[in-house]
Amino acid sequence: YGTQPPRLTTVSQLPFGHCCLNLSPIIEEGGGGATTATAAVATPSGHIYSREAIVQYLLTKNGELKKQKAEYERRRLEVE
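For the sequence shown, the working numbering gives the first residue as 1, with consecutive numbering after it.
Because the hints were derived from the structure by calculation, they are not lab data.
None of these values were measured; they are calculated from a predicted model.
Where a beta carbon is used, it is the ideal one built from N, C-alpha and C, also for glycine.
A few of these clues could be false.
Once the Cα atoms are required to be at most 25 Å apart in a straight line, the calculated SDA-like pairs of lysine to any residue come out as [what the hints assert, rightly or not]:
1) Lys66 with Gln13
2) Lys61 with Gly46
3) Lys67 with Val55
Just the calculated beta-carbon pair ranges, DEER-fashion [to be verified]:
4) Thr10 with Gln68: 30 to 40 Å
5) Leu77 with Leu14: 39 to 49 Å
6) Tyr72 with Gly17: 33 to 43 Å
Could you put the whole structure together from the sequences, leaning on the hints where they help?
Shown next, in the form of structure tokens:
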């Protein structure tokens with residue numbers, strides 16, 4: 001037991017050209033057949049993200065944080 005490393009199958013790996021946030025293929029822009037620089041963003045470590053997915057994630061997270069802050073302030077004022 002434990003002498004062999006676990007095998008990573010294709011199920012555990014993201015296909016090439018897929019966004020790491022929404023797990024879908026990067027959308028092509030301009031119909032040129034290749035993904036443009038405005039559609040995809042790559043990190044120094046090699047993760048690929050769709051710019052649209054990043055913006056959507058940031059908008060969603062920002063809204064959640066505003067709601068949490070409002071709830072925190074409401075509870076803080078109740079205690080005082």
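Status of the hints after comparison with the structure:
no.: 1; hint: Lys66 with Gln13; result: 34 Å, violated
no.: 2; hint: Lys61 with Gly46; result: 23 Å, holds
no.: 3; hint: Lys67 with Val55; result: 19 Å, holds
no.: 4; hint: Thr10 with Gln68: 30 to 40 Å; result: 38 Å, holds
no.: 5; hint: Leu77 with Leu14: 39 to 49 Å; result: 45 Å, holds
no.: 6; hint: Tyr72 with Gly17: 33 to 43 Å; result: 40 Å, holds
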